[in-house]
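If you read the protein sequences in the order shown, they are chains A and B. Here the working numbering is used: the first residue of the first sequence is 1, the next is one more, and so on. Here the working numbering is used: the first residue of the second sequence is 1001, the next is one more, and so on.
Derived by calculation from the structure, the hints in this document are not laboratory data. Here a beta-carbon is modelled for each residue, glycine too, at the ideal position from N, C-alpha and C. One or more of the hints may lead you astray.
Stated by the list, open to error - For lysine-lysine, the following DSS-like pairs were computed, each having C-alpha atoms within a straight-line distance of at most 30 angstroms: (1) A:Lys14 with B:Lys1085; (2) B:Lys1085 with B:Lys1026; (3) B:Lys1084 with A:Lys14; (4) B:Lys1007 with A:Lys284; (5) A:Lys14 with B:Lys1139; (6) B:Lys1124 with B:Lys1026.
Said to hold, decoys possible - Which chain A residues stay away from chain B? Per the calculated CB distances, all over 10 angstroms, these: (7) Pro57; (8) Asp77; (9) Ser116.
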Amino acid sequence: MIGEVEHLINGLRKHDPRAIGRAISIVEDGGESAEILLSSLDESLIYQTLVLGITGPPGAGKSTLTSRIISHLRKQDIRLGVIAIDPSSPISGGAILGDRIRMMRHALDQDVVVRSMAARGRLGGLCSAAGGVVRVMANGGCSTIIIETVGVGQSEMDIVRLADITAMVLAPGLGDDIQAMKAGLLEVADLLVVNKADRPGAEMLAMDMEAMIRNRKSARETPVCRTVATEGTGVSDLVTTIGSIDQQHRASGEHHHRRKKSFQLEVIDRALEIIRPELLSTLKDLDGKHELDPGRTARRLVEMLFLK
Amino acid sequence: MTEKSSKRYRVLVGKPGLDGHDRGAKFIARALRDDGFEVVYTGIRRTPEEIAAAAVQEDVAAIGLSSLSGGHVRLFPAVVEALKKFHAEDIPVIGGGVIPDEDLPALKEAGIIEIFTPGTPLKKILAAFRQACESYHHKASR
Chain A
1 MIGEVEHLIN GLRKHDPRAI GRAISIVEDG GESAEILLSS LDESLIYQTL
51 VLGITGPPGA GKSTLTSRII SHLRKQDIRL GVIAIDPSSP ISGGAILGDR
101 IRMMRHALDQ DVVVRSMAAR GRLGGLCSAA GGVVRVMANG GCSTIIIETV
151 GVGQSEMDIV RLADITAMVL APGLGDDIQA MKAGLLEVAD LLVVNKADRP
201 GAEMLAMDME AMIRNRKSAR ETPVCRTVAT EGTGVSDLVT TIGSIDQQHR
251 ASGEHHHRRK KSFQLEVIDR ALEIIRPELL STLKDLDGKH ELDPGRTARR
301 LVEMLFLK
Chain B
1001 MTEKSSKRYR VLVGKPGLDG HDRGAKFIAR ALRDDGFEVV YTGIRRTPEE
1051 IAAAAVQEDV AAIGLSSLSG GHVRLFPAVV EALKKFHAED IPVIGGGVIP
1101 DEDLPALKEA GIIEIFTPGT PLKKILAAFR QACESYHHKA SR
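Excised from the complex, chain A in its bound form:
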């Protein structure tokens, strides 16, 4: 097993697509091999990368926009990775991963490493898996890594916390401004993108968002960019905006602060995964002996586990 990991790490250094693909699978499946692999990676490479989160409702144009951003960054000769996360079926556990279709124009570009990932219905867990993939891609020479995910569920929002910068993509016709006010989606975004800006209602949406940003108490500035991803309009401005936010964050220490927070989040996520099986088996031992409410049972469970 250690021999295989060494072989893969060598492959990562040489940017070998097969090795990167294999390494990501190992990390995604978790377990002992994943731990050995992850602990052999170069942390400094991981620190230098820019991790960009792209989120938003289904149909907003995230994948198409991501493809345009890739084209733009490739002109600057940046080698990059894309992690495209799609939901898993709660019934069969299977998934259709279709984000790649919008990015096929980069299929033969060896410097664009695209990986589709199914959310796999892990409670938490998704965060540690995606975090692992970021680490592998960084060691495979990707200096920018885009994580694309539907911004609806809690675990998807956790993914966003892995990112250094998060762009929220919206489009007209997907619901009114009340939808955007819900669920704290806007609070996590460093910038908003109103995509399909050539459609009716787009300017209204952009102005609503600008008004909402002005009205809130936070001192943080949240730029609103307008794009037409299918045509590439506005993408250059968007990339420039992302670049300047990144510079700002690195200068102010925000970058470091976020990395620290995402590290903590990933550790907690992994820790929970480690103890989950034990929690389950201890709970089975408790079964029948206690007729407590769930809250008290949980406390009792934790006490039993840690006092053992």
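Given chain A's structure and the hints, the job is docking chain B onto it.
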């Protein structure tokens, strides 16, 4: 969940060439999903090289190719050749679609492990994917 979900198999479903009839490919993709597979779907009008490159990046355990317009004799083997170029010829390729019986020997010869024509029971197709994935992972974990 059932025992079969213990290992999530990743497969790719793609359509090489200019054939835009994706009904079959989408049907198989959905059936695989409903059977617990993670299906990377690459859409219509892809070159064999694009499909092979995607399969390598996604580290899939099997590839399913669909053709309904007669290009299979050239295009299916071209995907196998492209995989060789990427040193990924160990990824098994399964074919399906409107394919005359007389073409089957040549496709098998070219390295397509199974070919399914209209009327094949879905169970048989799913079993073939599962078996292909199992043997791929068995070889990989040697």
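Practice prompt. Would you assess whether Pro57 (chain A), listed as outside the interface, keeps its beta-carbon beyond 10 angstroms of every beta-carbon in chain B?
Written response: 21 angstroms, holds
Fill in: Outside-interface status for Ser116 (chain A) - nearest CB in chain B farther than 10 angstroms
For Ser116 (chain A), whose nearest Cβ neighbour in chain B is about 5 angstroms away, the distance does not exceed 10 angstroms, so it is violated.
Fill in: Agreement of Lys1124 (chain B) and Lys1026 (chain B) with the hint, judged by alpha carbon distance not exceeding 30 angstroms
17 angstroms, holds
Item to complete: Assess, step by step, whether the Cα of Lys14 (chain A) is no farther than 30 angstroms from the Cα of Lys1085 (chain B), and give holds or violated.
Response: 17 angstroms, holds
Worksheet item: Regarding the pair Lys1007 (chain B) and Lys284 (chain A), is the alpha-carbon distance no greater than 30 angstroms?
Response: 25 angstroms, holds
Worksheet item: Are the Cα positions of Lys1084 (chain B) and Lys14 (chain A) separated by 30 angstroms at most?
Response: Satisfied, since the Cα-Cα distance of roughly 19 angstroms is no more than 30 angstroms.
Worksheet item: Taking 30 angstroms as the top limit, are the C-alpha atoms of Lys14 (chain A) and Lys1139 (chain B) close enough?
Response: Measuring from Cα to Cα gives roughly 24 angstroms; hence the hint holds.
Discussion item. Between the alpha carbons of Lys1085 (chain B) and Lys1026 (chain B), is the straight-line distance 30 angstroms or under?
Written reply: 27 angstroms, holds
Worksheet item: Does Asp77 (chain A) really sit off the interface, with its C-beta more than 10 angstroms from all C-beta atoms of chain B?
Response: 20 angstroms, holds
The structure is inconsistent with hint 9 alone, although it conforms to all the rest.
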